[in-house]
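Enquirer: Chain by chain, the residues run as shown.
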Amino acid sequence: MTGYGTGQIAAAQPFPAAAKPALADQQLRANLGRATRTIRDKRARVVGELPDWQALRAAGAALKDDVLARLPELLEQFEAAAIAAGATVHWARDAREACAIITELVRETGADEVVKVKSMATQEIGLNDALAAAGITAVETDLAELIVQLADDTPSHILVPAIHYNRGQIRDIFKREMGDAPAGLTDQPAALAEAARLHLRRRFLASRVAISGANFAVAETGTLVVVESEGNGRMCLTLPETLISVVGIEKLVPTFADLEVFLQLLPRSSTGERMNPYTSMWTGVTPGDGPQQVHIVLLDNGRTATLADQVGRQALRCIRCSACLNVCPVYERVGGHAYGSVYPGPIGAILSPQLTGPAATANRTLPYASSLCGACYDVCPVAINIPEVLVHLRQAGVDAKRGRPSAERAAMRTLGWVMRRPRRYAAALRAAGVAAAPLRLVARRRTVRRLPWPLSKWTKHRDAPLPPGRTFREWWARERS
Amino acid sequence: MRIALFITCVNDLAFPDTGKAVVTILERLGHTVEFPTDQTCCGQMHANTGYRTEALPLIRNFARTFAPYEAIVAPSGSCVAMVRDAYPRLLPDDESVAAVAGRVYELSELLVDVLGVTDVGASFPHRVTYHPTCHGLRTLRLADKPQRLLAAVRGIELVPLPEADQCCGFGGTFALKNDAVSGAMLADKCAAVASTGASYVAAADNSCLAHIGGGLARRGGVQAIHYAEILAAT
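Residue numbers (the working numbering), protein chains in the order written: chain V, 1476 to 1956; chain H, 125 to 358.
Extracted from the complex, chain H is given alone in its bound form:
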């Protein structure tokens, strides 16, 4: 299958290893990955902060760039939720937008639902806990797809995270506009992660992970990692 990778702006700049991991996994499974270089940002930060006017050109650029591809994968629950759930609301009369909205998949959706794979041939002999990020959990309804992929990894010890469905407090510009509330939510999430005794906390969004990992860096002990990087490890 010919699959287009939407890397997302956060990953492109700050977490390129997650993108490389997606390429590794899909090629290992025998698929061809393409990277349309005209892609930029999905516009989520602008739209969710109230800057719809500024988001619209980014949305149109996304629709134009990814129009030729039958499957688009992104290693981010919230960016996929933006495209699938918010794009049709923001540009209700644009057919090209509606067309890409139905063809974009979060990595675990592509692997489990489209390609029908749960064992991607990875090995990661560490204790890991998984935080289901909000847009993946409640907008995309990923349910336990990422955990099923992780559970099939050789050597992994997957431990449950207490109160896992509680938001970590990132929330995009919420982390700056209401930094004190965001910090209080983060403190509780970090305590829950630490209580598992895991060496790694994995998730489907590097934005939330930058926030959680940034909090954990000050406590020491646990590393934040995108679950794609675990699935790529051998």
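Excised from the complex, chain V in its bound form:
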């Protein structure tokens, strides 16, 4: 029996409704447009430098597929290696179990504050809220996560959580919410970063417990890997006495040597850098150096359920680079919050509904939040065919609702019935051309401005083409045969 995931991965409202406020926010549109364009240009430049990019991509996909095919065996290998190196390994079926395990571990240390490395898994399980409910303060130490936390907001991008803010807005948040922000703080990036550094330095030196995620977990050695840009991660991973890492079970790579592929794919795809500034690796406990209590929480939260779907499981290859967000025309216009999950954009549209299962009804609208333009598949460093999975999930949604009446299904079935037989189809085309005749007379043009529901959704934004009266096959029959 496999369970579905819980936590911050279920949208509260259908995507089209959630997208509306974002579309109306001109400042947000401008911030997102500028930021995504910058990152995608950077990515295109550094990916273009590598003549073997497609081969690397294929290697990344193959390695992850191997992990998914041998997941139970590799997880046990990882657990044994980590325990042998002095770590304690915990297993969590869902968000609730993971939060309970971590809260208890922090309580045992007696600490009432933890520092955090940026981590999607801890966002996914809603850890900060769970800790707050237990009287424990979680301090985000990644600059963008800190901004979002101070603003009492939620991240809107996997890699650039504060992508929806510009620097003027960030200065205002610091002045309002950061008690030790210097007087006269400007919106210069260096000044903003310095204010955050001073604020965070106090927390790094005071905290006895750190919580992280992991980008990769090496089955062969029990090693965890965190890739980051600011050095805050390195501080969290080395200074405190206790380190707790939350790791999705799909984060495994088989051997240490396999990191060679992913450490090339990830930075170029995510930040558009040849190499990320900080790569931290640790294997259990090193006596007298770094954290002496090392805990690893292996998280399922719907991943085993996702693995059971032969087409959909490729979503578990994801290494959270967010290249698909930066090229997505839908994401660029609505931002991350519209997806209602910590995983936004194209990857979120295929991952969130699979993790939560069909009971999360608003998530069923996510696979339709795409024009199937395919830009996401092109840039994915592990070649997840996102459009294929989107269509597959649409199918699953349609099939699950068979037997219940729906206007859309009735229309689709009628059209399908007509198009199945050439004669019926030809007659229907002729009828449509005839039906459009009065419109042609009134409009005196080749397009029409207004149509009744549901086609009003078309004419709200653009004119509709008017059939010219004689179909191609009528022309062919008259002129050619």
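Bear in mind the hints are in silico, worked out from the structure with no lab data behind them. One or more hints might be untrue.
Unchecked claim - Residues of chain V clear of chain H, computed beta-carbon distances all greater than 10 Å:
1) ASP1628
2) GLU1883
3) LEU1890
4) ALA1939
To be verified - Among chain V residues calculated to face chain H with C-beta under 7 Å, some are:
5) ARG1571
6) GLY1849
7) GLN1870
8) GLY1891
9) MET1894
10) LYS1932
11) GLY1944
12) ARG1948
Built from N, CA and C at the ideal position, the CB exists for glycine as well.
Starting from the structure of chain V, add chain H where the hints point.
Expert: Chain H in isolation, oriented as in the chain V frame:
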């Protein structure tokens, strides 16, 4: 060469001139065009909206209708992508489907790759910009084949479209299901087209062009046209 024309349902009903243009071009080049009248729709709208069960009879009808032909041409990147890329996934064990999937060509593929032609003897003295539609660009990898055909047209002034590879926002039923997002994408595409000062925006798909042209009709100034109609003009 004996070539079967797959007109596509959208063109059959709403854009018959595009079909006539394909016939004109191929006959001008000395080829014989046949129109198998049993053809209907490729099933893309059904399949992409999640109605696989309803799409399957249409796919089988396509495979049956076009089985006798060695080359099938369609003036639509997305319908060709459906047949070549999606059919084998939707019906993996059907040999007749696999057989037609390998013989269907988008017009520019047929002209440039199969027939080895870039100059089709057309004349179109207007300023034109070209929008590469997504399935032609990313699934079929048409690259610059349509533009190479257009560049050889007498009198044409072909101007580049800014951010050309950005989706126009059509996306089939996406245009209705997420109409507000689709409309926002369309507004940006129309602005990019207008910035070129072109009189015409050309593309390989009349579905995307109906969407772009429908947006442009409300701004005035630029007309949407299938590039086959430019290649047919003399």
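Enquirer: Checking each numbered hint in turn, tell me which of them this model violates, lowest number first.
Expert: 2, 3, 4, 5, 11
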